[in-house]
Amino acid sequence: GDSVTQMEGPVTLSEEAFLTINCTYTATGYPSLFWYVQYPGEGLQLLLKATKADDKGSNKGFEATYRKETTSFHLEKGSVQVSDSAVYFCALRINTGNQFYFGTGTSLTVIP
Amino acid sequence: DAGVIQSPRHEVTEMGQEVTLRCKPISGHDYLFWYRQTMMRGLELLIYFNNNVPIDDSGMPEDRFSAKMPNASFSTLKIQPSEPRDSAVYFCASRTGYPPNQPQHFGDGTRLSIL
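The listed protein sequences correspond, in order, to chains A and B. Each residue of the first sequence is one higher than the one before, starting from 12 at the first, in the working numbering. Each residue of the second sequence is one higher than the one before, starting from 83 at the first, in the working numbering.
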C-alpha cells in the first residue's frame with residue numbers, strides 16, 4: 012500500500028546547524044510529495060512540495076528533492092534558527108486519488 | 083484570505099457526553115478532511131468529503147463517531163458518547179480539486195479532553 016516513513020525524533024540542534032530529516036515513501040502510482048510544518052498549538056502548514064521526479068521544492072530556506080530512484084524526499088536546511096522549532100510531517104498524495112498519507116512527524120528543537 | 087476555521091479551540095467534557103466539533107472550509111474548496119492527532123498514533127485520517135458527500139469513512143474508529151457536511155461551507159464531527167480515549171487534537175483540512183496536486187490547508191485544530 013501507499014505509505015510514508017520518516018525518521019523518528021526528537022531532533023535537537025544548535026542554531027545555525029545543518030538539518031536533514033529523512034523521508035522515504037512507498038507508492039503504487041505516481042505521487043506528489045509534500046512537507047508540512049506544525050508549530051506548537053497550530054495546525055499543519057504546507058512548507059514545500061514537489062509533483063514529479065527530480066523536482067525540488069523550496070521555501071524559507073528549506074529544500075527537498077523528489078528522488079524516484081531512492082523513493083525519497085529528504086528535508087534539508089543549511090542553517091536552522093530557533094524559530095524553526097516545530098514538528099515536520101512528510102506526506103504523499105497519489106495523483107489519481109484524493110487521500111494524503113502522512114508520516115508520523117519529526118519533532119525539531121533548535122537551541123540558541 | 084480566511085483559512086480553515088475550526089471551533090471550539092478547546093473542549094473539556096466528561097465521559098459519556100456528546101461532543102460536536104465544527105469546521106468551516108476555505109471557500110471554493112470541494113474536499114474536506116477530518117484528522118485526529120495523538121502522540122501514540124500520530125495523524126490519522128478519519129473521513130473525507132467531496133462536494134459534501136462522504137467518500138471514505140474507513141478511518142472512523144467506531145460507530146460513536148459520525149460526520150456530516152450539510153453544505154459546502156460547514157461540517158461537523160460528532161462523538162456520542164465520548165470516552166477518555168477520544169482525547170486528542172482533531173484537525174479539519176480542505177483543498178480544491180482543481181488544478182490537480184493542490185495541498186491541503188489545515189485549521190488550527192480542536193483540543194479535546196474527555197475526563
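It is possible that some hints are incorrect.
[Stated by the list, open to error] Under 10 Å between C-beta atoms, here's a sample of chain A residues computed to sit facing chain B:
#1 Gln49
#2 Gly52
#3 Glu53
#4 Gly54
#5 Thr62
#6 Ala64
#7 Lys67
#8 Phe73
#9 Tyr77
#10 Arg78
#11 Val93
#12 Ser96
#13 Gln110
#14 Phe113
#15 Gly114
#16 Thr115
Note that these hints are calculated values from the structure, not bench results. Glycine is no exception: its CB is placed at the ideal position from the N, C-alpha and C atoms.
Hint check:
no., hint, verdict
1, Gln49, "8 Å, holds"
2, Gly52, "7 Å, holds"
3, Glu53, "5 Å, holds"
4, Gly54, "3 Å, holds"
5, Thr62, "5 Å, holds"
6, Ala64, "14 Å, violated"
7, Lys67, "15 Å, violated"
8, Phe73, "15 Å, violated"
9, Tyr77, "12 Å, violated"
10, Arg78, "18 Å, violated"
11, Val93, "22 Å, violated"
12, Ser96, "17 Å, violated"
13, Gln110, "7 Å, holds"
14, Phe113, "5 Å, holds"
15, Gly114, "8 Å, holds"
16, Thr115, "4 Å, holds"
Hints 6, 7, 8, 9, 10, 11, 12, counting from the list given before, are not met by this structure.
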